[in-house]
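Novice: Sequence:
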Amino acid sequence: MLTAHFTLTHWWIAALASGLALAAAVQSLATTTRHRLVAAASVLLATGLYTVLRGTGDGARQALQLFVLGTLPLAVLRVLFAGYLRRQLALQRSGRPVEDMTGRQMAVFGAAFAAVVICVVIL
315 MLTAHFTLTH
325 WWIAALASGL
335 ALAAAVQSLA
345 TTTRHRLVAA
355 ASVLLATGLY
365 TVLRGTGDGA
375 RQALQLFVLG
385 TLPLAVLRVL
395 FAGYLRRQLA
405 LQRSGRPVED
415 MTGRQMAVFG
425 AAFAAVVICV
435 VIL
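Adding 314 to a residue's 1-based position in the sequence shown gives its number in the working numbering.
Everything labelled a hint here was simulated from the structure, so no lab data went into it. For clarity, every value in this text was computed on a predicted model and none was experimentally measured. Just so you know, even glycine gets a beta-carbon here, dropped at the ideal spot from N, CA and C. Since no wrong hints were added, every one of them can be taken at face value.
Ranges between beta-carbon positions, derived for each pair:
1) Leu351 x Gln406: 14 to 20 angstroms
2) Ala374 x Pro411: 44 to 50 angstroms
3) Arg418 x Leu334: 31 to 37 angstroms
Construct all of the structure, not just a fragment, from the sequences and the given hints.
Specialist: In structure tokens form, the structure reads like this:
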């Protein structure tokens, strides 16, 4: 594990950064300004609550590691699938129905998710 030398402070910083990255990714999926603010605020509130409630006492390091492991892959996947999501949002904004995901697209997403999680675990 490349983060074996991380102190608890490093994990706090990583947790806050990954929470902010997820908030940016989630708000970019919303279609109105109000929904963007609600989406970003929800993720930031959840990040704050999780890190404050779980980031103290025994198991603080593990709790923060799990938080980073849960949030960072979602933010990375938002970047990886930006083109697909952009097309879906454009369809929705134009009033047309969004396309259903095909089996192949789901398989690609699942494989990408597994690969990103493995990379985050290794790091």
